Amino acid sequence: MGLTPADIQALLEQFEASSWQEMTIDIGEDHLHVSRRANGSAPAPASVAAATPVPATGPTPAVEPALVDRNGEASAGTSVAARGVAVEAPSVGLFWRSPAPGAPPFVEVGSHVEPDDTLAIIEVMKLMSPLKAGRSGVVTAILVRNGATVARGEPLVLIDSGP
Amino acid sequence: MSVAASGGLRRVLVANRGEIAVRILRACYDEGLETVVAVSDADRQSLAAQLADRAVVIGPASPADSYLDVDRILAAATLTGCDAVHPGYGFLSERPELPAACEKAGLVFVGPSADAMRSVGDKGSARALARKLDIPVGAGTDVVTTEGEAAESAAHLGFPVLLKAAAGGGGRGMRRVDSPDGLSAAWAAAASEADAAFGDGRLFIERYVRRARHVEVQVLADRHGHVAHLGERDCTLQRRYQKLVEEAPARDVPSEMRAAMHAAAVRLIGAIDYAGAATCEFLVDADRNTFAFLEVNARLQVEHPVTEMLTGVDIVREQLRVAAGAPLSFHQRDVRLSGHAVEVRVNAESPGDGFLPRPGRLTAWAAPVGSAVRVETACYPGWEIPPHYDSLLAKIIVLGADRAAALNRMDHALGHLVVAGVPTTAPFARSLLAHPDVRAGRTHTTWVEDVFLPGWESSDVQ
Numbered sequence: 001m002g003l004t005p006a007d008i009q010a011l012l013e014q015f016e017a018s019s020w021q022e023m024t025i026d027i028g029e030d031h032l033h034v035s036r037r038a039n040g041s042a043p044a045p046a047s048v049a050a051a052t053p054v055p056a057t058g059p060t061p062a063v064e065p066a067l068v069d070r071n072g073e074a075s076a077g078t079s080v081a082a083r084g085v086a087v088e089a090p091s092v093g094l095f096w097r098s099p100a101p102g103a104p105p106f107v108e109v110g111s112h113v114e115p116d117d118t119l120a121i122i123e124v125m126k127l128m129s130p131l132k133a134g135r136s137g138v139v140t141a142i143l144v145r146n147g148a149t150v151a152r153g154e155p156l157v158l159i160d161s162g163p
Numbered sequence: 001m002s003v004a005a006s007g008g009l010r011r012v013l014v015a016n017r018g019e020i021a022v023r024i025l026r027a028c029y030d031e032g033l034e035t036v037v038a039v040s041d042a043d044r045q046s047l048a049a050q051l052a053d054r055a056v057v058i059g060p061a062s063p064a065d066s067y068l069d070v071d072r073i074l075a076a077a078t079l080t081g082c083d084a085v086h087p088g089y090g091f092l093s094e095r096p097e098l099p100a101a102c103e104k105a106g107l108v109f110v111g112p113s114a115d116a117m118r119s120v121g122d123k124g125s126a127r128a129l130a131r132k133l134d135i136p137v138g139a140g141t142d143v144v145t146t147e148g149e150a151a152e153s154a155a156h157l158g159f160p161v162l163l164k165a166a167a168g169g170g171g172r173g174m175r176r177v178d179s180p181d182g183l184s185a186a187w188a189a190a191a192s193e194a195d196a197a198f199g200d201g202r203l204f205i206e207r208y209v210r211r212a213r214h215v216e217v218q219v220l221a222d223r224h225g226h227v228a229h230l231g232e233r234d235c236t237l238q239r240r241y242q243k244l245v246e247e248a249p250a251r252d253v254p255s256e257m258r259a260a261m262h263a264a265a266v267r268l269i270g271a272i273d274y275a276g277a278a279t280c281e282f283l284v285d286a287d288r289n290t291f292a293f294l295e296v297n298a299r300l301q302v303e304h305p306v307t308e309m310l311t312g313v314d315i316v317r318e319q320l321r322v323a324a325g326a327p328l329s330f331h332q333r334d335v336r337l338s339g340h341a342v343e344v345r346v347n348a349e350s351p352g353d354g355f356l357p358r359p360g361r362l363t364a365w366a367a368p369v370g371s372a373v374r375v376e377t378a379c380y381p382g383w384e385i386p387p388h389y390d391s392l393l394a395k396i397i398v399l400g401a402d403r404a405a406a407l408n409r410m411d412h413a414l415g416h417l418v419v420a421g422v423p424t425t426a427p428f429a430r431s432l433l434a435h436p437d438v439r440a441g442r443t444h445t446t447w448v449e450d451v452f453l454p455g456w457e458s459s460d461v462q
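Chains A and B are the protein sequences, given in the same order. Residues 1 to 163, numbered by the numbering used here, are exactly what the first sequence covers, in order. Residues 1 to 462, numbered by the numbering used here, are exactly what the second sequence covers, in order.
In isolation and in its complexed conformation, chain B is listed as follows:
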């Protein structure tokens, strides 16, 4: 039974933009829900604005005055008669002020309660919770308030260390520091970046693990006591902490370790009063064959389609069901993890120019198609890509019987992407996925910068 048919919800405000707004609109449609999308001045012509039942302009292009303004989002929802708000990812999706304000206004927030969000959204308290549940946690500090305290903690942990935003995600407000000399500048840069991105400049420090792999577990929880995982995703291929490629399942992680991570994620989310989608991130130390809990993302994740391709579970529809008070549509025993799914993020960037973001007008756009190829995008020919937001143009996701088949299919799909007007990272991604180390799974989170880019930048393939 759909959410609309169950009578739980009727009309959803999509408080986001770009491809994820389009993705949420589709899930709402599938659940029989009406949609309103909140757009900034710069997004009046967006695909989401065209596809939604209604679009409302909530403010100027600057995110602080539109997508990051709780009052404007609330006003848009109430004035258009919405009964629920879906925050997507980024923007206000991990700010407890939004669910708190929704609750006060009698709106359903599609996500966890403000309290649940606080208890896992702050990385310090999430680590404390994990420790209490006997989940391995990497060496690091709780929130550090002064540079002096940071220097002391970093010396205690041993360089290199990683400065991370307490409120963060997406690599914003993150800096690797190799020696005491670099701490001061990195501290200032990370704090101001975190403040600009999340409105919260608090930082904490972790010991930096060399040759680490990033593995995360997708969890869904409802208000009827069900907590289920949908397996893990491997997001090891990154550049400056920005994920480039995600895949599932994780390659070459021993099955006991995978099972232990799945169980840890379910235990962690089950320990709090949590409803909706959550992702538990882990760092896998390839040298020591251990894993450590990193953080919980209390929201939908950019790379959620990888898991959807693998399991057939529609995570966004499940989010809407849970928000409407319905139970999850599946049980843990129903979840089948078969085959291999890969996602590539196609960004409007010039890889040959230090990955400089390049907004502009898309003069041509044709996405690949196919039975095991999925494209999540807000692009259309003629769209003027605004400079105010991130550079993600599309996510291309493929499914294969095994990893090699999936990678081959991805190469084919990327080769059929037609884009003109702005440079994209698609050709770069093809070279990356063709590299023998990627094919063999011999990569870690800084492999792209340490190994791949130096060779690629000097070649003429680009």
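Isolated chain A, as found in the complex:
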């Protein structure tokens, strides 16, 4: 018995809700590694790798998965990211998941969104701009933590619009 896509999604939600920087899980032959960091301290898309292939049926994943084998080394293997199309940061700024401190987030992993729905707020020099979904679908990953500084063009949220 391996990890199912639903398992991975549940694990990602747990990870997202936590204050952890990285998470590694081994179940049987399956290996899951999630990190909020790329190489270094700059906030970067969480990378997901699982030994159980999950066919990417939607648009090509915008985020390259980090490929990690059983020894923890990068390799070309049968790994995939949470699928979906990335909504990118329109400019450098701060990524806020809620309309106000303490308020519930705009979306969670699993939320269904319409094109005009707000996913987050991007704050640049005290100017708050809503980050719109731009497409309908299901949020499959939120790639940066609340309050992180993001770069222009950085993938922030994955939305799977289905086949």
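Worth flagging that the hints you see were computed from the coordinates, not collected in a lab. Computed from a predicted model, the values in this text were never measured in an experiment. The beta carbon of each residue, even a glycine, is placed where N, CA and C say it ideally should be. Treat the hints loosely; a few may be bogus.
Claimed, not checked - Estimated spans, in silico, between C-beta atoms of each pair:
(1) D26(A) / K104(B): 51 to 59 Å
(2) Q9(A) / R44(B): 34 to 42 Å
(3) E152(B) / T24(A): 56 to 64 Å
(4) G182(B) / E108(A): 29 to 37 Å
To be verified - Where chain B lies over chain A, by a calculated footprint (3+ residues, C-beta under 8 Å):
(5) 94 to 100
(6) 125 to 134
To be verified - A short list of chain B residues far from chain A (calculated; beta carbon distances all over 12 Å):
(7) R95
(8) A259
(9) A260
(10) A286
(11) G400
(12) L407
Put chain B on the given structure of chain A with help from the hints.
What follows is chain B alone, placed relative to chain A:
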């Protein structure tokens, strides 16, 4: 005699950042005072950190955990042996918690007492005080607590109305509402913006005056019973309630009205136990030739150098003198308002892109120079402008024999500003000041949006 020489103060903590931190450091230097600047993680490389005698990191980049945290500011001041705290503008400068905490810790707050700040800082109580003193006040409400109450008040006042943050300033938490349909969304947006900016989401409502001009009077008061004004500033050229250009004196305001506003400001500040710098804001109704009191800013104002250029009075040094218990260095009869001063705010924004703020690395920076040109800035070549704070890069202030001469000098100065790495509003400001309506003074607070921008956006000058 300097403040240091008088023995009143020795070391000042500058609890702010950017150009105003640099400005305060200079005034401290002039008064012979030692300086410590409190910086966030994002400001370790700031010009203020380099210029101060000492810099202390008080927390992460997020203002809530650094510049807006009273405990961290107090800890920085006491641990570095400061005896005074200068709050600058914005951040904690209008929050009574800071002077209250300073008093408790035995530190001198460079500004009014917590009580004085409360009595004028809350716009509702300031309006009540003005009414009591027979100063004209615009039609509006006191603090409104629910959306239902807001709808009722707005209908009573008549649309359009303006929602404003009770604790506010700088255009944050302000929304114009043209009809009942727009009230709900504007109410939510203004309240949350006010809460985010000031930690206080309370709002009040004013009747919106079309073709209004924004005129404010600079006041200084000491603890020896002196209250003096330094004339007025005209801050009519705004975009979305953000001031773009300030000048002094106000153009085309009848001299009786100017005198009445000066007197009203002095009367208002004199009516409370106030020490330090204050600005009384008025709305001038150009159509009816009347003025109405808006609010008091119980702090140093961004555009204070306009008044300094015109009068020769150093407002920040006066603040330090007053904080040290010394009298103002001048009397009202000494104040001369001659010539014309203009200030332009240069922001790291892309005007062609809806004025989108654009942080980034300054790859080149050279400010204009000249005998009647003053530049207030924290910029230097190579500085990485952080995305966490406002977009103000520099204030350029010029003095001329008259308004036309000042505007010409400003055009020249802006033309000699060298910036690379981020877009700025300087070219936009040049176009703005060249417009015949600006030259003739035929503007009001929404003129930039209503008249100037539509034409400018379709031109290729940008």
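Going down the list of hints, with the structure as the test:
1. The supplied range of 51 to 59 Å is met by D26(A) and K104(B), whose beta-carbon atoms lie about 55 Å from each other.
2. Here the CB-CB span from Q9(A) to R44(B) is close to 40 Å, well matched to the stated 34 to 42 Å.
3. Range check, E152(B) to T24(A): about 58 Å between beta-carbon atoms, so the 56 to 64 Å window is met.
4. A beta carbon spacing of about 30 Å between G182(B) and E108(A) agrees with the range 29 to 37 Å that was offered as a hint.
5. Chain B is given as covering the segment 94 to 100 of chain A, and this holds because 3 residues of the stretch bring a CB closer than 8 Å to a CB of that chain, at least three being needed.
6. Remark: the segment 125 to 134 of chain A is confirmed as covered by chain B, as 4 of its residues place a Cβ nearer than 8 Å to a Cβ of that chain, reaching the required three.
7. Distance check on R95(B): its Cβ is at least 17 Å (rounded) from any Cβ of chain A, clearing the 12 Å threshold; non-interface status holds.
8. Chain A leaves A259(B) outside its interface by the beta-carbon criterion, the shortest separation being 37 Å against a cut-off of 12 Å.
9. Distance to chain A confirms A260(B) as a non-interface residue, since its nearest Cβ pair spans about 35 Å, more than 12 Å.
10. No Cβ of chain A approaches the Cβ of A286(B) within 12 Å, the least distance being about 30 Å, so the stated non-interface status holds.
11. Against chain A, the non-interface label of G400(B) holds: every CB pair exceeds 12 Å, the least being about 31 Å.
12. For L407(B), the non-interface assignment is confirmed: its Cβ lies about 28 Å from the closest Cβ of chain A, beyond the 12 Å cut-off.
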